[in-house]
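In order, the protein sequences belong to chains A and B. Note that this note's numbering numbers the first sequence so that position 74 is 74, with each residue one more than the last. Note that this note's numbering numbers the second sequence so that position 55 is 165, with each residue one more than the last.
Since the hints were made in silico from the structure, they are not lab data. Every value quoted in this text rests on a predicted model; they were computed, and no experiment measured them. Be careful, since some hints might not be right.
To be verified - Taking beta-carbon pairs under 10 Å as the criterion, some of the chain B residues facing chain A (in silico):
1) Y145
2) L153
3) E154
4) F155
5) G161
6) G169
7) S172
8) R224
To be verified - Far from chain A, some chain B residues (derived; all Cβ distances over 10 Å):
9) A112
10) V114
11) E130
12) I136
13) G138
14) N162
15) L170
16) P171
17) F175
18) V184
19) Q190
20) R191
21) Q193
22) D196
23) A198
C-beta: ideal position from N, C-alpha, C; glycine also.
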Amino acid sequence: SQQGEEDPQALSIQEGENATMNCSYKTSINNLQWYRQNSGRGLVHLILIRSNEREKHSGRLRVTLDTSKKSSSLLITASRAADTASYFCATDAYDYKLSFGAGTTVTVRA
Amino acid sequence: GAGVSQSPSNKVTEKGKDVELRCDPISGHTALYWYRQSLGQGLEFLIYFQGNSAPDKSGLPSDRFSAERTGGSVSTLTIQRTQQEDSAVYLCASSLARVAEDSNQPQHFGDGTRLSIL
Chain A
1 SQQGEEDPQA
11 LSIQEGENAT
21 MNCSYKTSIN
31 NLQWYRQNSG
41 RGLVHLILIR
51 SNEREKHSGR
61 LRVTLDTSKK
71 SSSLLITASR
81 AADTASYFCA
91 TDAYDYKLSF
101 GAGTTVTVRA
Chain B
111 GAGVSQSPSN
121 KVTEKGKDVE
131 LRCDPISGHT
141 ALYWYRQSLG
151 QGLEFLIYFQ
161 GNSAPDKSGL
171 PSDRFSAERT
181 GGSVSTLTIQ
191 RTQQEDSAVY
201 LCASSLARVA
211 EDSNQPQHFG
221 DGTRLSIL
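All chains should be built: construct the whole structure from the sequences, respecting the hints.
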């Protein structure tokens, strides 16, 4: 079963705007990861945040983690058309496999 | 190549036939994972290999599904007597070994095999 749930399911923004998506999960985790999937392709790892971290940055990406609320957010700043993709959060609950949510589909309009 | 390679990229077959999907992980990655992604859904875990052994087969949906890995490298996922509900994209990922239960390794994915059962 899927542990993570992303919100919103879909997001449409103008190029240059910021995109924010959220992920909630149910159990204790070792880390939480965000992945991007372009249409017809595999998943690309974006960023990993450990359970003892609260915020992490990578380029235009900012991830937060609140273990007390069992939630995470992914912020993409100054979005570009190339950011159009589906974004998935995945939790590592100390059992080797990742549990994925259903994803947020982001469309960036030129 | 540098990434995870999966073949075939697309497979169309008739209900009841057997299919074999192949995954070639990144060189040096001892951990290998199979997932299934149905249309518009997230990924469903199927099986995990550490080297040639599969300590976690908990996600295999039925006994029609099996997987093996030889030489600590290439893995094959076999689906026997395929059913229409098996139609999905099957994704393979690999990662470096976890040195401890709480170590952190991202997974690297192939582009998947899109399986269609007629």
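To see whether the hints hold, each was checked on the structure:
{"no.": "1", "hint": "Y145", "in the structure": "8 Å, holds"}
{"no.": "2", "hint": "L153", "in the structure": "4 Å, holds"}
{"no.": "3", "hint": "E154", "in the structure": "8 Å, holds"}
{"no.": "4", "hint": "F155", "in the structure": "4 Å, holds"}
{"no.": "5", "hint": "G161", "in the structure": "13 Å, violated"}
{"no.": "6", "hint": "G169", "in the structure": "7 Å, holds"}
{"no.": "7", "hint": "S172", "in the structure": "17 Å, violated"}
{"no.": "8", "hint": "R224", "in the structure": "8 Å, holds"}
{"no.": "9", "hint": "A112", "in the structure": "13 Å, holds"}
{"no.": "10", "hint": "V114", "in the structure": "7 Å, violated"}
{"no.": "11", "hint": "E130", "in the structure": "19 Å, holds"}
{"no.": "12", "hint": "I136", "in the structure": "12 Å, holds"}
{"no.": "13", "hint": "G138", "in the structure": "17 Å, holds"}
{"no.": "14", "hint": "N162", "in the structure": "16 Å, holds"}
{"no.": "15", "hint": "L170", "in the structure": "12 Å, holds"}
{"no.": "16", "hint": "P171", "in the structure": "13 Å, holds"}
{"no.": "17", "hint": "F175", "in the structure": "16 Å, holds"}
{"no.": "18", "hint": "V184", "in the structure": "17 Å, holds"}
{"no.": "19", "hint": "Q190", "in the structure": "23 Å, holds"}
{"no.": "20", "hint": "R191", "in the structure": "25 Å, holds"}
{"no.": "21", "hint": "Q193", "in the structure": "21 Å, holds"}
{"no.": "22", "hint": "D196", "in the structure": "19 Å, holds"}
{"no.": "23", "hint": "A198", "in the structure": "14 Å, holds"}
Figure legend: structure checked against the earlier numbered hints; hints not met, in rising order: 5, 7, 10.
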